Amino acid sequence: MLRLVSKRLLQGSREAQLPAALTLPRLYHERVVDHYDNPRNVGSFDKNDPSVGTGLVGAPACGDVMKLQIKVGDDGKITDAVFKTFGCGSAIASSSVATEWVKGKQMEEVLTIKNTEIAKHLSLPPVKLHCSMLAEDAIKAAVKDYQTKLAKSSNGSSEASPVEKAANA
Amino acid sequence: MASKLLASALRKTLTPHAPISKPSSFFRAASTAAAAVEPYEEAADGVYMKGVKISGRPLYLDMQATSPVDPRVVDAMLPYYLTRYGNPHSRTHMYGWESDSAVEAARAQVADLIGASPKEIVFTSGATECNNISVKGVMHFYKDKKRHVITTQTEHKCVLDSCRHLQQEGFDITYLPVKPDGLIDLDQLRAAIRPDTGLVSVMAVNNEIGVIQPMEEIGEICKEFKIPFHTDAAQALGKIPIDVDKWNVSLMSLSGHKVYGPKGVGALYMRRRPRIRVEPQMNGGGQERGIRSGTVPTPLVVGMGTACEIAKKEMEYDQKRISQLQERMLSGIREQLDEVVVNGSIERRYPGNLNLSFAYVEGESLLMGLKEVAVSSGSACTSASLEPSYVLRALGVDEDMAHTSIRFGIGRFTTEEEIDRAVQLTVQQVKKLRELSPLYEMVKEGINIKDIQWSQH
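Here the protein sequences line up with chains S and Z, keeping their order. For the first sequence, the residue numbers in the working numbering are 1 to 169. For the second sequence, the residue numbers in the working numbering are 1 to 457.
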């Protein structure tokens with residue numbers, strides 16, 4: 001008897017909960033969840049390759065580190081991009097989106113990508129806006145790293161570790 | 001008995017409304033229950049909640065936040081909702097008398113679990129209220145002579161916040177640091193005591209990391225200096241043996257919903273010899289000897305009493321089982337993952353709390369991946385903020401490691417299958433996120449992360 005009654009009660013409470021649950025504010029937009037579950041362009045390029053620019057931004061102490069790498073063709077077009085991110089789901093999604101957006105674009109063009117666009121695309125809540133800013137910074141750092149590499153190789157001087165330099169940027 | 005009562009009551013309330021097709025949620029529930037054989041629909045497609053698709057109910061490993069109510073507790077409570085609904089403070093009829101005797105029986109059950117007299121138990125709404133009464137109530141009562149409180153940096157927010165409130169009123173507070181294992185240094189406690197110290201408040205079992213403070217030793221020191229000793233034992237009740245005389249506590253905060261009892265009820269132990277006095281935080285009809293006015297919620301109190309009685313009987317068995325499960329979980333994870341750190345002392349720890357840091361994996365992203373496991377990154381009160389846990393920082397855990405912690409809470413109803421599944425999912429997710437982690441990659445390349453100049457945001 002008790003089993004039956006409690007079953008009824010349990011079912012009742014579940015049924016009653018569901019409509020309420022759907023109206024709850026969402027913590028993550030479905031695009032964030034999608035990029036988190038299936039991150040695009042995960043990986044690494046050889047950072048010593050002269051055609052690769054590496055951007056490493058954030059700090060472990062803050063809970064976010066983003067590494068974004070671009071591979072640039074001779075015509076200044078970004079042929080490929082990869083990322084690795086230590087951080088929350090929104091940070092992972094922001095960097096995943098960033099790699100998608102920079103691919104196939106000119107270097108000057110990607111510098112115009114704004115954090116607000118990324119945030120809007122992912123519907124990031126205010127507390128997660130820094131994730132999109134970090135993604136913008138990562139793109140800029142990667143381009144800058146590539147350009148310094150290019151300048152240095154044309155000067156023929158030895159280069160410093162791109163990782164450290166990028167982190168300082 | 002209870003079930004029969006409930007069933008008849010349900011039938012009574014439901015049948016008259018049956019012809020009227022009023023779409024109340026309760027009514028809908030009953031109609032689906034009539035076809036109880038039907039499988040639960042939602043199980044197939046999953047539930048969509050907070051942007052995350054969940055199939056079925058996640059397995060629950062967050063026993064420090066709250067525990068499910070033991071069915072035996074519900075059985076004991078039900079009559080006090082349905083037939084014996086009297087106000088325990090009513091003196092003029094049977095409804096009042098039976099409720100009153102139920103409350104007194106529950107008081108005795110709670111007292112019995114902690115080695116106290118029933119007269120020393122005051123029912124409240126929960127441990128937060130107990131902590132408020134203890135910290136603010138004691139200091140306000142003795143404010144003319146005593147102006148100083150000693151507590152620890154790893155206390156629960158409600159103790160820390162009460163202390164902060166006292167500070168604004170001009171009291172002095174010493175927040176004792178803890179050692180890397182989460183325990184306080186007794187010499188530091190001794191050194192912090194002043195002639196005007198009015199209270200020492202140290203929690204028995206930490207809610208985030210589960211370490212057990214040396215209660216008897218702290219009690220000895222407080223006895224030596226004749227200072228009232230308060231402890232927040234919400235996480236300790238029913239889990240480790242408590243004896244108020246051995247610990248020499250003057251005040252102790254207890255909670256119902258951490259011991260498989262109902263939410264919304266707690267109990268405050270207040271020593272009678274030597275007597276400790278407090279200024280009430282709630283004024284009114286003078287219930288609970290004037291310390292906590294407001295009608296005592298009979299069903300909840302009966303539930304808490306029953307939960308304590310069950311806990312007393314089954315503590316040893318639960319302890320043994322939970323230790324085995326903790327062992328199983330930890331070894332399961334460690335076999336498959338490197339660089340997993342247990343936060344807080346392993347020896348002096350309640351085994352139902354396993355707070356782990358997975359290096360190079362951010363805690364929040366791990367939680368997001370563990371959709372099928374209900375765990376948290378620390379205290380439920382602070383999990384909304386992005387700051388790393390203040391408890392872990394007090395232990396001296398590096399800030400980057402403090403961002404990587406997950407608290408697994410194991411309880412009476414956790415099964416081996418659940419533990420195995422949780423281990424499997426955790427390992428899978430950590431591996432995936434480490435593949436994604438630039439830090440893990442750097443470490444594998446031999447770069448020391450600490451040497452890098454990180455740009456702070």
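Calculated from the structure, these hints are not laboratory results. Everything numeric in this text was worked out from a predicted model, so none of it was measured. Some clues are possibly wrong.
[Said to hold, decoys possible] Simulated pairs of lysine to any residue, SDA-like, Cα-Cα distance not exceeding 25 Å:
1) 179/Z / 101/S
2) 140/S / 179/Z
3) 157/Z / 117/Z
4) 144/S / 447/Z
5) 71/S / 193/Z
6) 47/S / 194/Z
7) 47/S / 451/Z
8) 313/Z / 117/Z
9) 431/Z / 100/S
10) 145/Z / 194/Z
11) 144/S / 336/Z
12) 450/Z / 45/S
13) 77/S / 29/S
14) 71/S / 179/Z
15) 444/Z / 77/S
16) 71/S / 194/Z
17) 431/Z / 82/S
18) 431/Z / 109/S
19) 120/S / 47/S
20) 144/S / 179/Z
Hint numbers contradicted by this structure: 1, 2, 3, 5, 6, 11, 13, 14, 15, 16, 18, 19, 20
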